[in-house]
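Chemist: Just remember that this note's numbering sits 2 ahead of the position in the sequence shown, which is counted from 1.
Certain hints may be false.
Simulated DEER-style distance windows between Cβ atoms [what the hints assert, rightly or not]: (1) G80 / K103: 20 to 26 Å; (2) N36 / E8: 52 to 58 Å; (3) V40 / R150: 45 to 51 Å; (4) A50 / K10: 41 to 47 Å; (5) K5 / G80: 37 to 43 Å; (6) N36 / E72: 30 to 36 Å; (7) V79 / E53: 17 to 23 Å; (8) V149 / V12: 55 to 61 Å; (9) R150 / E123: 19 to 25 Å; (10) R150 / R44: 41 to 47 Å; (11) E53 / Q11: 17 to 23 Å.
Dumping the calculated DSBU-like pairs for lysine-lysine here, alpha-carbon to alpha-carbon at most 35 Å [claimed, not checked]: (12) K104 / K163; (13) K20 / K5; (14) K163 / K10; (15) K45 / K104; (16) K103 / K157; (17) K58 / K20; (18) K45 / K55; (19) K163 / K55; (20) K5 / K96.
I should point out that these hints are in silico values taken from the structure, not numbers from a laboratory. C-beta: ideal position from N, C-alpha, C; glycine also.
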Amino acid sequence: MSKAIENKQVQVQEITEKFQNASSVVVVDYRGLNVAQVTELRKQLREAGVEFKVYKNTLTRRATEAAGLEGINEVLVGPNAIAFSNEDVVAPAKIINEFAKKNDALEIKAGIIEGTVASVEDVKALAELPSREGLLSMLLSVLQAPVRNFALATKAVAEQKEEQGA
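With the hints as extra help, turn the sequences into a complete structure.
Modeler: Okay, here's the thing in structure tokens:
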């Protein structure tokens with residue numbers, strides 16, 4: 003077997019492992035972005051622990067087939083970049099969506115969220131979710147509401163009793 007074929011097989015195996023280990027993946031078309039913009043996007047993604055790579059589409063298609071994610075192959079045409087996140091499911095979608103709002107040239111094509119192929123709409127919906135801290139604070143306020151209302155009602159009853167007694 004030739005050295006080139008062996009190298010490609012190794013690359014396909016690497017990409018397959020990234021797809022299998024990633025909690026979320028976002029595929030984007032980066033045509034029209036200049037070097038400074040791509041560098042800025044890479045920096046933002048790197049700070050969030052997201053890997054942003056460009057692979058040949060044929061190698062990526064083989065990797066998605068090996069990983070059982072063939073549904074994403076239809077968007078793997080033209081120049082693509084792929085963002086892999088192993089920890090935070092929301093981070094790549096949120097960062098790329100925000101960047102796409104400021105730079106019209108960046109186009110979200112599809113994604114994979116926890117092993118399920120996701121459409122552009124799904125990726126954008128994921129990006130619009132509040133952060134984990136925001137969701138926790140919403141939950142906390144919902145949990146506090148009944149206690150707060152009980153305290154206010156108790157105070158109102160106590161004040162009413164005081165007025166009647168005086």
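Chemist: If a hint holds in the structure, say so; if it does not, say that too.
Modeler: Now for the hints, and whether the structure bears them out:
1. G80 / K103: 20 to 26 Å: holds (21 Å)
2. N36 / E8: 52 to 58 Å: Violated, since N36 and E8 (Cβ atoms, about 35 Å apart) do not stay within the stated range.
3. V40 / R150: 45 to 51 Å: holds (49 Å)
4. A50 / K10: 41 to 47 Å: Check failed, 30 Å falls outside 41 to 47 Å.
5. K5 / G80: 37 to 43 Å: violated (28 Å)
6. N36 / E72: 30 to 36 Å: holds (33 Å)
7. V79 / E53: 17 to 23 Å: Holds: the Cβ-Cβ distance is about 22 Å, inside 17 to 23 Å.
8. V149 / V12: 55 to 61 Å: Hint holds: Cβ distance 59 Å, inside 55 to 61 Å.
9. R150 / E123: 19 to 25 Å: Cβ of R150 to Cβ of E123: about 37 Å, so the range 19 to 25 Å is violated.
10. R150 / R44: 41 to 47 Å: At 46 Å between Cβs, range holds.
11. E53 / Q11: 17 to 23 Å: The hint (17 to 23 Å, Cβ to Cβ) holds, given that E53 and Q11 are roughly 21 Å apart.
12. K104 / K163: The hint is violated at about 60 Å.
13. K20 / K5: Since the Cα atoms of K20 and K5 sit roughly 23 Å apart, the hinted pair holds (cutoff 35 Å).
14. K163 / K10: Violated: K163 and K10 sit about 82 Å apart, past 35 Å.
15. K45 / K104: holds (16 Å)
16. K103 / K157: violated (49 Å)
17. K58 / K20: Holds, at roughly 15 Å.
18. K45 / K55: holds (12 Å)
19. K163 / K55: violated (70 Å)
20. K5 / K96: The hint is violated at about 40 Å.
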